[in-house]
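I would like the entire structure built from these sequences, with the hints used as guidance.
In the order they appear, the protein sequences are chains U and D.
The opening position of the first sequence corresponds to residue 7 in our numbering, with each subsequent residue numbered one higher.
The opening position of the second sequence corresponds to residue 59 in our numbering, with each subsequent residue numbered one higher.
These are calculated hints, taken from the structure and not from any lab test.
A hint or two may mislead.
Keeping only pairs whose Cα atoms sit at most 20 Å apart, straight-line, the calculated EDC-like set for lysine to aspartate or glutamate is [claimed, not checked]:
id, chain 1, residue 1, chain 2, residue 2
1, D, K396, U, D64
2, D, K537, U, D60
3, U, K164, U, D196
4, U, K164, U, D60
5, D, K221, D, D462
6, D, K331, U, E122
The structure displayed is predicted, hence computed values, not measured ones.
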Amino acid sequence: MLKIDDLTLNRDELVGIVGNNGAGKTTLLSLILDLIKTSTGFVQSKDLAVSGSDHWKDYTGSYLNEGFLIPFLTPIEFLEFIGKLHNMNTPDVNRFLNENSHFHADDMTSGKYIRELSAGNKNKVGILAAILSKPEILILDEPFSNLDPGSQLWLKAKLKKLNEEGVTILISSHDLRHVTDICNRILLIDNGLIIKDKNTNTETLGELEEYFAAGSDRSMTD
Amino acid sequence: MKDLLIHQWKEKTRSPFWQKNIWINIVLGIVGLYLILNFLVIGFFADVILKKLLATTDVVEAFARGLFYYLAFDLILRFFVQQIPTLSMQPYLTLPIRKSTLLHYPLMKSIPDFINFLALLLLVPFFIKIICTTKPALFSLNWIITICMLVLTNNFLNFLLKKYFSKHPLSILFLFAIVAVIIYLDMSNIWSCSNYFGSSFLAIAKTPLLVIIPVSIASISYYLGYQFLKLNAYVEDSQTGHRMNPSEFTFLTRFGEAGNLLQTEIKLILRNKRPKSIMLISILFLAYGFMFYRGKNIDNDLILIFTGFFLTSIFAIQYGQFSFSWESSFFDSYMANKISVFDYIQSKYLLFALTSLICFVVTLPYALISYRIGIVNVAMLLYNIGISSVLSLYICTYNTSYIDLGRSQFMNYQGTGVTQFLSVIPIAGFPVGVFLGFKYLGIPQFGVYTLGLIGLVAIVYKNLLITLVSRQFLKRKYKMAMGFRQN
Chain U
7 MLKIDDLTLN RDELVGIVGN NGAGKTTLLS LILDLIKTST GFVQSKDLAV
57 SGSDHWKDYT GSYLNEGFLI PFLTPIEFLE FIGKLHNMNT PDVNRFLNEN
107 SHFHADDMTS GKYIRELSAG NKNKVGILAA ILSKPEILIL DEPFSNLDPG
157 SQLWLKAKLK KLNEEGVTIL ISSHDLRHVT DICNRILLID NGLIIKDKNT
207 NTETLGELEE YFAAGSDRSM TD
Chain D
59 MKDLLIHQWK EKTRSPFWQK NIWINIVLGI VGLYLILNFL VIGFFADVIL
109 KKLLATTDVV EAFARGLFYY LAFDLILRFF VQQIPTLSMQ PYLTLPIRKS
159 TLLHYPLMKS IPDFINFLAL LLLVPFFIKI ICTTKPALFS LNWIITICML
209 VLTNNFLNFL LKKYFSKHPL SILFLFAIVA VIIYLDMSNI WSCSNYFGSS
259 FLAIAKTPLL VIIPVSIASI SYYLGYQFLK LNAYVEDSQT GHRMNPSEFT
309 FLTRFGEAGN LLQTEIKLIL RNKRPKSIML ISILFLAYGF MFYRGKNIDN
359 DLILIFTGFF LTSIFAIQYG QFSFSWESSF FDSYMANKIS VFDYIQSKYL
409 LFALTSLICF VVTLPYALIS YRIGIVNVAM LLYNIGISSV LSLYICTYNT
459 SYIDLGRSQF MNYQGTGVTQ FLSVIPIAGF PVGVFLGFKY LGIPQFGVYT
509 LGLIGLVAIV YKNLLITLVS RQFLKRKYKM AMGFRQN
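Next comes the structure, spelled out in structure tokens:
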């Protein structure tokens, strides 16, 4: 159950959502992507309701979970499939893969089907598919999970760079350090409510750590 | 061992499917009872049947020969229907349970299977009625032990067969060919396999010590099954073995975005176990024409229409009844990506049209039996492409259950709901209704033409119809997506 009165994300922001399991992070992202229906209220993207038009799909890249991957395709076939939806041909996709070659391991080109990949590699395929079409808005749910350290660093730099190039980004994460490192705005969600909505500064990490530590202290003394 | 049994019981009873679908359980229960009754009756009157059929007086000998066919049939039936009781082993492999326990478990568990039960239903009445009462006790004992051992052998062999043929699907046809040749040789008395089988079977039954032979055959098959499971018990092994074929259907790209989606769906069919087995069954079903197009049936328009409907739509209906559910594991991806609903529906329409056309072409030779078959099939093809496809897709927007692509089709009712039962009525009922209407008017031939014409008009207005389905889809998509996520 998510209760948000009003939330506006502005162009060029890099927003991080943090919160405990079950707080409503994924629900919020799913609502924005029109995957679930709002019981009351609405979501608008560029002044158009997402449930009423498909226009937002032209400029929105997203990866929430494995349900966004087609399990019986190879990673290359999957990226080509997504590319074709955005009128990209095979050479375009290959160029994209070369540009981001640090992010994908040999598994991507080995001919394995996506269903046979490890969790981390699946995550990589999903993220690549989300940024493939050069979206204006990028929505990722826990993009750092299951990634090896090198890939996490690469992804942080990539997100920052994309944001500087004008991409509006919304990510959720459990890694407070990563989020405070790259995001310029943080949403803290608990039990379906937005507890904090702040621009990031040097103290944010400390504040968040304090908040979550207090939560675990409470439950330990209970 | 006891804990494993309990866990599997929980897996069964707690699977969301079992809890939700009372109706299917009831239907399955009725079908099961019907089968049980049938086997009981056949078993009880086996002596009478054999006497009439083979015109012999030695029923025991005839039964022994018939047993050869029964066991062959039993093995094939098992291959298609019996599910190997696999406890998903992965979570247990690292626990302190002896590995041999984990391996013996599925083998032992397969013994009280429904199929073995059916075999007993067939054998026990005959045993009591004929063998027990007329033959010496030792012979009777040997007789029943031998048969039970042979049935068990089939049971364990099935483990090997299933795995082997799921890896090499084409060799099934090879096996069928061998069985067909053996049966032919037997029937035409060139090399009577069943005679040899029958007499050796009786020889074993007569000589008490020889009972060792069937017992050891069963033990060997058990051992083979065990070794086989052992080889396949490693986690990593379960994931290797096949490689992708670069099957690109480039000609589909001319259909634009719908072609792109269709290409993906064809890969879905070819690369996943369940849709692939539907495809194989459909191919087998195409031979059904030989059963229907016989004798007086050729003059019966209703049978021609029904068969034509069935033959040209077999795959489209079988596979299409689960439309959208096939994509349940990645439905969100289709919803969040730049895919227009119209193109999505159209890609499925194209799949219907394409597969119906293929079925039509393959079954065209039936027209050699009678030209009227050809005419009816053309009409039914048009009807199926134009109307059945759209109707089926419309009804399928009520599919909300998740389908696991990796599981076998046989005896798999995942994704089956009330929708599947109800959808048959309008889809197959309408053409029959139209035809009967014209027949009532005394001009049955026009019924066939009318169905073809309706189909043709529907094909001309396909964009309008697809738009209607798209609208329905948009209304239903949240419910569908929600259902698909609950796996």
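Results of checking the hints against the structure:
no.	hint	result
1	K396/D with D64/U	holds (6 Å)
2	K537/D with D60/U	holds (18 Å)
3	K164/U with D196/U	violated (28 Å)
4	K164/U with D60/U	violated (27 Å)
5	K221/D with D462/D	holds (19 Å)
6	K331/D with E122/U	holds (15 Å)
Checked against the numbered hints given earlier, this structure breaks hints 3, 4; the rest are met.
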